[in-house]
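S.K.: Could you build all of it, start to finish, from the sequences and the hints given here?
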Amino acid sequence: MAYSDKVVDHYNNPRNVGSMDKARTDVGTGMVGAPECGDVMKLQIQVNTETGVIEDAKFKTFGCGSAIASSSLATEWLKGKTVDEALDIKNTDIVNELSLPPVKIHCSVLAEDAIKAAINDYRTKQGAPVAAETVAH
Amino acid sequence: MFSGPPPSDYFAIFGIEKKLALDVEDLQRRFYANSREWHPDRHARAGAAQLAYAEAASATLNDAWRVLRDPVARAEYVLKGEGFNISEQRGRDVPPELLEEVFDLNMVLEEARNGDAAAKAEVARALAKFERILSEIDSARDGIFVAYDAAPGRDALSELRSLLNRRKYLQNLVRDARAALV
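Quick mapping for you: the protein sequence lines, in order, are chains A and B. Following the working numbering, the numbering of the first sequence begins with -6 at its first residue and continues without gaps. Following the working numbering, the numbering of the second sequence begins with 2 at its first residue and continues without gaps.
Keep in mind that the hints were calculated from the coordinates and are not lab data. Every residue, glycine too, gets a C-beta built ideally from N, C-alpha and C. You can take every hint at face value.
Straight-line alpha carbon distances no greater than 35 angstroms define the calculated DSBU-like cross-link-like pairs of lysine-lysine that follow:
#	chain 1	residue 1	chain 2	residue 2
1	A	K15	B	K169
2	A	K51	A	K83
3	B	K169	A	K118
4	A	K51	B	K121
Label-pair ranges, simulated between beta-carbon atoms:
#	chain 1	residue 1	chain 2	residue 2	range
5	A	D14	B	G116	25 to 35 angstroms
6	B	D27	A	R116	50 to 60 angstroms
7	B	S140	A	Y4	38 to 48 angstroms
8	B	D27	A	V96	35 to 45 angstroms
9	A	T18	B	N115	31 to 41 angstroms
10	A	E48	B	M108	23 to 33 angstroms
11	A	A(-5)	B	E111	19 to 29 angstroms
12	A	N6	B	E26	54 to 64 angstroms
13	B	N63	A	A(-5)	32 to 42 angstroms
M.R.: Printed below as a string of structure tokens:
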């Protein structure tokens, strides 16, 4: 299967690979997995608790090129957004940006789920009510 | 018996009821018997219609044998027939604690592939644990098989669907871990 140039670029030069201390109260961690392919994705955000702006984002994904590219792109988009704005990121935005073929759409869904899981984790730590259930669809 | 096409259903081609728990030895006896009966060579001179039936029946029988002899493939076949498709499922079938362990195993796998001896030992330890989880899943699966056959219902199938998703998820990982230890 042919990957788009953008997928190949993120795969060869993934942005923001790494991890943060998940015990920190200003860090939200989202860990998700896809039964279809065995992928596992960890996505973390570090939020300025005063402004609600995501100052840093890191990921580590074990999976196919599309899963890595989807999470790499997600961390790029997250940085500089407020937590509320970040919740507006949809898997379809990722699909469009990376030109993912239909068989790889679940990779973008995984990235969206990881973002939501990370935000929920952050909000729980901050004592705020959790908006939506993470992966219930 | 040679009027119309042979059954396309995998259980029907064996002449058995739809069951999740099957006696594979009995299935094998039926496979050999039906294979002999429908072998195209035995029907070569019996006319085009009968030969076509025998060829179609033999082909379906071969596919059905390959699927029904394997408990996981058999369960997937029944689930698909009942509308439980794997691609409609999402990550919720893998519990968070398990995801953490899967992630950690992937981390040490990466180190082991880079030649780290300590990481290799850790992979071996984790592998033993994940193989134990897999065999627990298989026992649970067999339990659902028996329960479903006694009282078919959507709840049992839904439980089976998520169990098999979890199994599939772990199996890929176990395969990778075994490969890293060779």
